[in-house]
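Top line first, the protein sequences correspond to chains A and B.
Numbered according to my numbering, the first sequence spans residues 1 to 127.
Numbered according to my numbering, the second sequence spans residues 128 to 607.
Just to be clear, a hint being listed does not mean it is correct.
For lysine-lysine, the following DSBU-like pairs were computed, each having C-alpha atoms within a straight-line distance of at most 30 angstroms [claimed, not checked]:
#1 A:Lys64 x B:Lys483
#2 A:Lys126 x B:Lys183
#3 B:Lys568 x A:Lys126
#4 A:Lys64 x B:Lys509
#5 B:Lys483 x B:Lys429
#6 B:Lys597 x A:Lys64
#7 B:Lys601 x A:Lys64
#8 B:Lys584 x A:Lys64
#9 A:Lys64 x B:Lys183
#10 B:Lys411 x B:Lys465
#11 A:Lys126 x B:Lys483
#12 A:Lys64 x B:Lys568
#13 B:Lys323 x A:Lys126
Source of the hints: derived by calculation from the structure; they are not laboratory data.
Bear in mind that the values here come from a model prediction, so they are computed numbers and not experimental data.
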Amino acid sequence: MSNIPENVKYTNSHEWISEESGIATIGLSDFAQDAMGDIVFINLPAVGDAVTAGESFADVESVKAVAEVFSPVSGTVESVNEELLDNPALVNEAPYDAWLIRVSDISERVELMDAAAYAQHCESEKE
Amino acid sequence: MKLLFEESRPGRGECLIPVCDVPEYALDPACLRSSAPRLPEMAEVDLDRHYTALSKETYGVNCGFYPLGSCTMKYNPRVNEAASSLPGFVQIHPLQPAETVQGALRVLYDTEKLIAEITGMDAMTMQPAAGAHGEYTGLLLIRKYHETRGELAQRTKIIVPDSAHGTNPASAVMAGFSVVSIPSNPEGGVDLQALKNAVGPDTAGLMLTNPNTLGLFDPNILEITKTVHEAGGLCYYDGANLNAVMGQARPGDMGFDCVHVNLHKTFSTPHGGGGPGSGPVGCKAFLAPFLPSSRVREENGKYSLFDPEQTMGRVRSFYGNFLVVVRALTYILTLGRKGIPEASEGAVLNANYMMKRLSEYYTMPYPQPCMHEFVMDIGPLKAETGVNAMDVAKRLLDFGIHPPTMYFPLIVHEALMIEPTETESQETLDAACDALIQIWKEAHEQPEMLHAAPLTKTITRPDDVLAARKPILKYLFDEN
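Just chain A, with the same shape it has in the complex (with noise of 0.2 angstroms):
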């Protein structure tokens, strides 16, 4: 069973999101990093690059595939979490802690789903 706090929404492509005071933290939910097993490499946007609702802004590697991370927002990047790129096992050790960016000016957002509903898309998956 994967671990599904309550204090962020989900996307159905399996990012987590919080918002506070207009910035939005993006990271992968713990379904995910353990479905792409120990990942080796992540690619994160530049600070100040656009991120588009739906659209992919990084790469994830594990030994297993390449898959891409798609932004639940539309904005501009603030700040990406660097520690990844050194130690892009930390998504998999704290999959809620290993943030991969923080968006700003926020226009747009695709469907997000409370920690219930992402619950179930994931039991949905796994069949």
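Given the structure of chain A, go ahead and fit chain B onto it with the hints provided.
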């Protein structure tokens, strides 16, 4: 095994350089290095033994069964090697005047004609050095097409199904496009409605493998290519799986505008460490003016080189991996019009034979008859016994069989993708099925053993996560 650097002893194995018989030339001192390179110093006999020992640890199609899905590891006939070793091919220089290399130019010309016939294309380039390089070249053709029509700024998206080879989206991004991924339908083909929703005035093209990576021929192929064409996009055929339809069906007739083929897969040239590869790209006549320079033409029995009018330029030095083309031509001429379709029939028959025998034990997520390869889902076995696709693949090594492609395509989470090819006998296929059935039984009886497999190899389970996270890519002299 020790590294060459560890076997090195100062002063051993000095080269005997003959007396210089040309005038000496003083190099610019600024170009000279100040210290000697730290090369290993060894006697020839020890160097020979080092590499012979290494060669005994490797595995190739000459050692045994190699059912690596989507890689078409067929046997490479020796006659190909004989042809490509002929002095007239080996001892020529790419800058020789055309009139002195007519035979080599004819090889390029004839191979182009034959592969264009097999794929249903009008023109080809032999330059690309491998499959992904061919994809990139094909996408540059699509780019040039939209550019000359003034639509490049608008047509930015390449549509790729979620079962595609990973190189497809990568090549599209390298060629400056963005990628739209569309889902597969329950039968494993392209979801037509999803495709219709995805196409539009921003569509540059579609990249598709047919049969796809599940080993399934898409019955809607004509409607798929028509949908993309009606939206103003072009259709690219990834020829990685051409071995399934070679001589039976042509990408050009399915509605594709350009293709690449892998000579090192379909046309029996060396592959996997032994390469180099070769990924010729074919196209319909309307794209031919954009092909890379140089191409070969024939007039009154004389062959010469020319640049297409609106060429994209070179994508590789000279004429591609020429000796690989010689091998492919030898293969095509050896099989002939009758043998080419027989080869693909054998490939499809062998895959279905294995799939049928194994389906009594393993789960086949797409149980309909397959083409040249099929995908097993180890998910149910994992749920029951804890043994995953990696464990099954590693255990196969103990039976002297190269593992299938693992964890691909991505839409099957515990995938093992098996492509036996046409060059394997029934006895070889049966031995592989027997091994996989025994592993299935072991998974139920002694799963711990499978987690530790392989049990008989020099290297058992290398730490691939550590290797990817902290790779050591050079010898550290001062720490050893």
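Okay, the hints, checked on the actual structure:
no.	hint	result
1	A:Lys64 x B:Lys483	holds (28 angstroms)
2	A:Lys126 x B:Lys183	violated (43 angstroms)
3	B:Lys568 x A:Lys126	holds (25 angstroms)
4	A:Lys64 x B:Lys509	holds (16 angstroms)
5	B:Lys483 x B:Lys429	violated (53 angstroms)
6	B:Lys597 x A:Lys64	holds (17 angstroms)
7	B:Lys601 x A:Lys64	holds (25 angstroms)
8	B:Lys584 x A:Lys64	holds (23 angstroms)
9	A:Lys64 x B:Lys183	holds (28 angstroms)
10	B:Lys411 x B:Lys465	holds (25 angstroms)
11	A:Lys126 x B:Lys483	holds (27 angstroms)
12	A:Lys64 x B:Lys568	holds (26 angstroms)
13	B:Lys323 x A:Lys126	holds (28 angstroms)
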